[in-house]
Each structure stands twice: as structure tokens, then as C-alpha cells.
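Now for the letters of each chain:
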Amino acid sequence: MLSPWGISLAVLYVLRKRPVPGTHFSLSVQSIPGILGMNVVFTGLLGVAIALTMDREDGTLLRAKATPNGMLGYLIGRVTSRAAMTIAGLLIILIPAAFLFHGLHLRDFLSWLKLAGILLLGLMATLPIGAILGALFSNAQSIGIISLPMMGLVAISGIFYPITALPGWLQRAAQEFPVYWLGLGMRSVLLPNAMSAAEIGGSWRQPEMIFVLGGWAVIGFLLAPAVLRRMARRESGSSVARRREKARRRQA
Amino acid sequence: MRYGPVDVLRGVNLCVYRGEVVALLGPNGAGKTTTIEILEGFRKRSAGEVRVLGTDPEQGDEGWRARLGIVLQSWRDHGKWRIGELLAHLGRYYASYSTPEHTRPYNTDELISLVGLTKQANDKIAKLSGGQRRRLDVAIGLVGRPEILFLDEPTVGFDPQARQDFHGVLRRLSDRGETTILLTTHDLNEAEKLSSRILILAGGRVVADGSPVTLARQVSSRSEIRFSKDGLHYVHSAEDATSYVRALLGQYGRGIHNLEVRRASLEDVYTKIVQEFESRNVKRTPGRHARPNGRRRHAKPVTKVTA
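Protein chains in written order, with numbering that gives the first Met the number 0: chain A, 0 to 251; chain B, 0 to 306.
By construction, these hints were calculated from the structure, which means they are not laboratory data.
Hints may be right or wrong, so weigh each one.
Claimed, not checked - Pair ranges (Cβ atoms, derived):
{"#": "1", "chain 1": "A", "residue 1": "Ser-141", "chain 2": "B", "residue 2": "Gln-160", "range": "38 to 46 Å"}
{"#": "2", "chain 1": "B", "residue 1": "Glu-109", "chain 2": "A", "residue 2": "Ala-9", "range": "26 to 34 Å"}
{"#": "3", "chain 1": "B", "residue 1": "Arg-50", "chain 2": "A", "residue 2": "Leu-71", "range": "21 to 29 Å"}
{"#": "4", "chain 1": "B", "residue 1": "Ser-95", "chain 2": "A", "residue 2": "Phe-220", "range": "23 to 31 Å"}
Cβ atoms here follow ideal geometry from the backbone N, Cα and C, with glycine treated the same way.
Working from the sequences, and respecting the hints, build out all of it.
Next up, the structure:
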């Protein structure tokens, strides 16, 4: 987990002199909040999805099902540990970045509080979706397929370059998903106010951000219980054995 | 007190009583796993009535689940945990179902020694051998001090030593008499060694039910009597071996040598049942062994359970 973040920090450090077009602000510093948002999606959403499929393959989930209240305990444990890892991932980027770059708003307590609020909203928007994806995909291999469109989504979500540089229809597509809004939210807290000029509509659009992320959270929390119950119901010794057999054949 | 009469399978009324060790014996594909999964509440039945500990498994709540122990065919979960840690962790889930008469969970150290893993108590689970792993699975199945323990093919892939150790664990457990055990196996010797009662399952039906001795008698009542007279060897088959031998000795007395009476062994019976089942099955659904696992559920006859 450390190394990819280490590499991206190193690249950003090398490129720190390049400005955001039309400003004197470092493009690298502008990217850091977006990377924090991306971390929520990759460590949180994708992490939960992968953990869920793997735990079905090795029987962890069936073990939970065989234990009284085990399924509930399992899900709470998984989601909590993923959330903790997402927070750790955020700090792993943010703390070195605070020393390597100038221009991030990290001095006052209020911006940390806002950061925590956006992170919490982001986790609520992404973790249930991750759990749903993990429940729908039958094995860890096929879940790899969804990381591909996710990369594409990151590419159009204005993480590494202002989204305003993209054609309008791509901008509209990106604004349907949480990645863009998480990045925007993080930027609104960590960057100077003047930088909002590089955003769509020249604004941080915080109400819209809360609305979209909140919407994803509502969808996730509405769908996840039913999807997870269905997954739990279908779990049995023979279904684990079947998946195991499939995995064995794949390797052969 | 009657503990959990269990009605299973096509018109067969099976009751398993407290402290009994019952083996579900049958060839592969006979419906053993399906049966046990229905009892565990892991699989829906298409019809019929099932009661486990007085509750329909499909309606079983967490309190009901706390009274069951389950050991499935293949588990390799929690590889990074240590044995003691995992047992203590899982045990906590049962603590709220503890009563003064029946405390839960099992004491971790006692449980570890019961399954003979004391030396490995601090080992990572991924490092255990196949036999040790299976004994851990049994320990996990027992952690809530269940009233009934389900074991699905517990010794598949064991070497003889591991098998013997495992049988030792089960015998120690059944000697305590507090847990009813229902196990599946396709190994007749295992069923004979471990259980007080055997149910032979073939083609989704219980074809025989009883202790090893009654089973042999039930399926074949004829005995084979061998003896020699005047230097010649004779073989005779009789319904009532005792009367035959009495008459034989009454008539020839000291003229009879090498007398041997042999009732059809359980092994003969079981082999015959399996052969019959397999030849019937091949005729009905050709190539059933090549069928992919994923389709099994629809083809299995056992999901039709009637009381």
C-alpha cells in the first residue's frame, strides 16, 4: 500500500514547479486532494469488494454464517477495518505532502474537521457500493474487471488535471460518480479559495457535493442490506466447494 | 427429554436422539451433503417437514444457530490467525446464549486439548497440516458447546494416522455424551467405528437404518454355513443358521469339523447397495459424473424431503 502512494508523491514532487494553467499555483499541489479522494474509492470501495469475494472463496463468510450473529459481526468488522485502512491511506499521503509541498491548508483545526466530515461522507457513499459489488461478483478474478472502468473514471474525474480541460460530455459523465465529488470536496478544504477558479462554474459547489455523495450513500444503504442478505442466503458448503473447484481449474 | 427429532427424506422418519452418534453413509452423489445442508439451514428444501432441536431450520434464528455446531467439507479461512485467538474470538459470539444449565462457549484451552492441538495452540492456522486443520474445524464446530454437531465428510483426504487421530477426537467427544453427532461419510469402516447407528443413503432415499448388526440382518437375513464332513467341504446357505447347525450337529455329532457360520457382513450389504444404486443411475442419467458441479442442485433428488 505504501509504494504506489510513495511513487505518486515522488512524481508529484518532481513536477511541483508546473503551474495550473492560468495561475501560478503548483499543479502537483492541486492534485493532492484529488489523490486523497481517489484513495477513498480504491482502498475503501474496491477493498471491501475484493475482501468480500475472497472471503466467500475461502469460507470465511460461511464460517460467519454458521456462527450466531456472525454475519453481522463479520460485516461490521470488515467495513470498520476498511474504513480504518482508508483513513490510514489518507494520512500516509497527507502527512508527507504537508512537508514536501507548500500551499495546502493544514494549519487550522477547522480544515481538519471539514476533511474528516468529507471523508466520512465519502466512506458512507462508497463502502456500501463496494459491499454490493463484492456480493454481486462471484470471485476475486471477476472483480478485477471493475477496477478497469474505475481507472477510466479516475482519468476523467479531474484528479491529476483540472476537469475543465475535458470535453463537456466527459465532464457530465464524471459528475455522476463519487470520485469527482470526493476530489472536489477535498480540494475545497485543502486549497486556497482562489483555486476554485479552475473548477466547473468557478466554485467549490459544496452543496452539490454533499447532495451527490449523500445520494450515493442513500442508494448504497438502501440496496446493500437486500443484496448482502441474498448473498448470505446463498452461501453453503457446496457453493464454497464449487468456487474452490473453479479456482483450482483456473490455476491448472 | 427428547432432543431434536429430525425428519428427513422421502417418507422416511428419522429421529436422532440426544447423545447419539449417527452416520449418514452413502456413495458420492447420494445426497448426503444436501441432507446435512438442509438440516443446518443452509439450503432450502422443496417440500416436507424438518425439525432440528424442535425448530424448522429455515426459520431458525440466531439463538437456534447458537445450539448447532457445523463442520463442513473444506474450510481454509482465517489462515493468518492463531488457533487460540480464533477459538476465543468465535467463542465470544456464543457468550450471550449461555445459561446457568448450559454454559457457552467452551473453555479455549480445554477445547484445544480435546482435539489434540495443545502443541500448536500458538501456531498460525495456515501452517497446520490437513489433519490438524480438520481437527481445528471440529474445535470451531464445538466452540459454542453445541447440542448437535454436523460433520460433513470429516476425514476426506486423510492419511491413516490422521484418520485414527481424528476418530480419537470424535470418540472422546461422544464419550462425554453431551453432544449429538450426525456425520456423513462414504467410508463404511469409518461409519462402523464411530457411530451407534448408520443410515445408508442412496439415490436420495434412506435405504437402511440401524446399528451395524441390525443393518446386516435387515438387508440379508441369510447366513453362510461352512463345514467339513468325512474330509469333504460343504457350504450351505440358511435363513435360520442356529436351527440348521443344531440339526446338523444332532445328526452327525462328532463327524462335523471346521464349522463356520458367517452372516453377510455390512460390507457385503453396502457394496451391494452402492452397486445397485450406481447401475440404476447410469441407466437413468448417462454421464452424470461428468456433469459440472454448478448444475447439481437442480438434479439432486434429495431436496424433495417429505415427512
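Which of the listed hints are broken here? 2
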